[in-house]
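> Heads up: the sequence lines are chains A and B, in that order.
First residue of the first sequence: 1, per the working numbering; consecutive thereafter.
First residue of the second sequence: 1, per the working numbering; consecutive thereafter.
For the record, the hints were derived by calculation from the structure and aren't laboratory data.
Each hint can be trusted.
Pair ranges (Cβ atoms, derived): (1) B:Thr-5 / A:Ala-183: 38 to 48 Å; (2) A:Ser-162 / B:Thr-74: 16 to 26 Å; (3) B:Arg-64 / A:Lys-106: 49 to 59 Å; (4) A:Gly-205 / B:Arg-12: 45 to 55 Å; (5) B:Gly-94 / A:Asp-213: 36 to 46 Å; (6) B:Glu-27 / A:Gly-194: 46 to 56 Å; (7) A:Arg-11 / B:Pro-112: 28 to 38 Å; (8) B:Arg-204 / A:Asp-206: 22 to 32 Å; (9) B:Glu-216 / A:Arg-64: 56 to 66 Å; (10) B:Ala-20 / A:Cys-33: 46 to 56 Å; (11) A:Gly-205 / B:Glu-115: 51 to 61 Å; (12) A:Arg-11 / B:Glu-27: 26 to 36 Å; (13) A:Lys-16 / B:Glu-27: 38 to 48 Å.
C-beta: ideal position from N, C-alpha, C; glycine also.
Protein chains: 2
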Amino acid sequence: MTATTRIVEIRRNVLKANDAIARELRERFERACVCVVSMVSSPGSGKTAFLEKTLTMLRLRGLRVAALVGDLATDNDAARLARSGALVKQIVTGTTCHLDALMVRKALEDWPLDELDFLFIENVGNLVCPASYDLGERARIVLLSVTEGEDKPLKYPSIFKSADLAVITKMDLAEAVEFDADAALRGIDTVRPGMEIRMVSAKRGDNMASFADWVEKLGSARSAG
Amino acid sequence: MTATTRIVEIRRNVLKANDAIARELRERFERACVCVVSMVSSPGSGKTAFLEKTLTMLRLRGLRVAALVGDLATDNDAARLARSGALVKQIVTGTTCHLDALMVRKALEDWPLDELDFLFIENVGNLVCPASYDLGERARIVLLSVTEGEDKPLKYPSIFKSADLAVITKMDLAEAVEFDADAALRGIDTVRPGMEIRMVSAKRGDNMASFADWVEKLGSARSAG
Numbered sequence: 001m002t003a004t005t006r007i008v009e010i011r012r013n014v015l016k017a018n019d020a021i022a023r024e025l026r027e028r029f030e031r032a033c034v035c036v037v038s039m040v041s042s043p044g045s046g047k048t049a050f051l052e053k054t055l056t057m058l059r060l061r062g063l064r065v066a067a068l069v070g071d072l073a074t075d076n077d078a079a080r081l082a083r084s085g086a087l088v089k090q091i092v093t094g095t096t097c098h099l100d101a102l103m104v105r106k107a108l109e110d111w112p113l114d115e116l117d118f119l120f121i122e123n124v125g126n127l128v129c130p131a132s133y134d135l136g137e138r139a140r141i142v143l144l145s146v147t148e149g150e151d152k153p154l155k156y157p158s159i160f161k162s163a164d165l166a167v168i169t170k171m172d173l174a175e176a177v178e179f180d181a182d183a184a185l186r187g188i189d190t191v192r193p194g195m196e197i198r199m200v201s202a203k204r205g206d207n208m209a210s211f212a213d214w215v216e217k218l219g220s221a222r223s224a225g
Numbered sequence: 001m002t003a004t005t006r007i008v009e010i011r012r013n014v015l016k017a018n019d020a021i022a023r024e025l026r027e028r029f030e031r032a033c034v035c036v037v038s039m040v041s042s043p044g045s046g047k048t049a050f051l052e053k054t055l056t057m058l059r060l061r062g063l064r065v066a067a068l069v070g071d072l073a074t075d076n077d078a079a080r081l082a083r084s085g086a087l088v089k090q091i092v093t094g095t096t097c098h099l100d101a102l103m104v105r106k107a108l109e110d111w112p113l114d115e116l117d118f119l120f121i122e123n124v125g126n127l128v129c130p131a132s133y134d135l136g137e138r139a140r141i142v143l144l145s146v147t148e149g150e151d152k153p154l155k156y157p158s159i160f161k162s163a164d165l166a167v168i169t170k171m172d173l174a175e176a177v178e179f180d181a182d183a184a185l186r187g188i189d190t191v192r193p194g195m196e197i198r199m200v201s202a203k204r205g206d207n208m209a210s211f212a213d214w215v216e217k218l219g220s221a222r223s224a225g
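Generate the whole structure from the sequences, applying the supplied hints.
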């Protein structure tokens with residue numbers, strides 16, 4: 001067995017172990033009636049600003065929200081998100097390039113899940129590795145900022161394929177960077193035909209209400225499920 | 001042995017194997033008198049635009065340049081870089097989140113290295129995983145665009161620690177995103193004290209000549225070495 005085959009084999013086992021914990025988490029989330037949404041993107045695509053706005057809006061709608069946020073180092077994001085008034089916890093991953101289900105389970109050990117309506121999980125900024133790790137979430141959102149270039153869906157197809165909604169962020173900068181929305185939408189539709197898309201600006205507020213509606217609808221799906 | 005210890009063990013072996021190939025590459029590059037520079041950054045931080053401009057400038061200075069460019073999918077970047085007139089090859093990594101020394105060795109199999117002065121290697125857009133993989137390069141450049149936020153060095157310290165030069169890109173957008181240069185410079189200096197930094201705009205040309213000078217100086221270091 002070569003080193004590469006061994007790695008593939010071990011990686012498969014790690015993913016299998018992760019999937020088992022994720023399944024267990026998913027059942028726990030269902031029992032607690034909390035709708036869990038994860039967010040993945042490149043570093044610096046505006047996940048935290050977007051999430052801060054989302055938490056604030058959902059709280060104004062009377063919903064009980066919380067967030068877990070992953071980073072290699074610092075608790076900057078947790079501090080920013082806590083400004084929304086939501087319950088927030090930072091997961092520091094050290095050198096690990098993604099969150100896994102075990103990290104999520106550990107972080108939630110002392111959390112009163114049944115007192116929450118929505119839990120958001122902001123992954124480490126990485127457009128590749130988080131694609132493979134199920135976190136037990138009901139939906140995964142992939143964010144792409146207008147400054148990153150329209151071709152990212154074609155260049156990082158796995159993560160777009162693994163997501164349920166694409167959010168194009170920083171629309172306030174679209175003109176400054178000559179963002180070609182048609183090309184970006186075409187790219188997303190090529191790798192994940194029919195995926196829903198929101199084009200937002202957390203800074204100006206564009207389409208944030210529409211996103212909050214999407215989240216609320218996702219949450220209410222549980223009562224029907 | 002738990003799955004995690006096994007993974008750590010195997011990962012160590014993979015890195016050891018990578019290091020051996022990287023050492024071999026480094027010797028080959030030295031023998032061929034080609035100066036190899038790698039570039040790492042988040043997806044969409046402007047590596048390709050920056051590299052295209054760099055290749056064009058160095059060619060105008062009479063230098064023989066080439067580039068390898070890594071992506072999970074598409075050969076968009078190779079097509080863009082080829083406009084500079086330089087020799088360019090795309091490495092498509094599939095699901096692998098970084099380049100490794102073996103990929104570089106394979107890509108260079110049929111290349112006349114001794115006819116080159118400089119070879120650039122543009123890594124997959126990922127601010128985490130490429131940090132661990134030596135590619136036999138003489139210097140590694142980490143790029144950070146002003147749109148990503150000033151805190152990235154603190155949040156992704158490993159990759160900044162592994163680099164020899166930091167380049168802050170898209171300075172033409174600094175005002176639009178209210179980029180706090182002092183905070184970014186402080187962050188870089190915290191994780192990698194004394195590292196040289198260039199603040200550039202490939203679009204407007206700011207500081208591109210200064211960067212080309214840095215590259216030339218790096219190349220001439222070999223005759224002294």
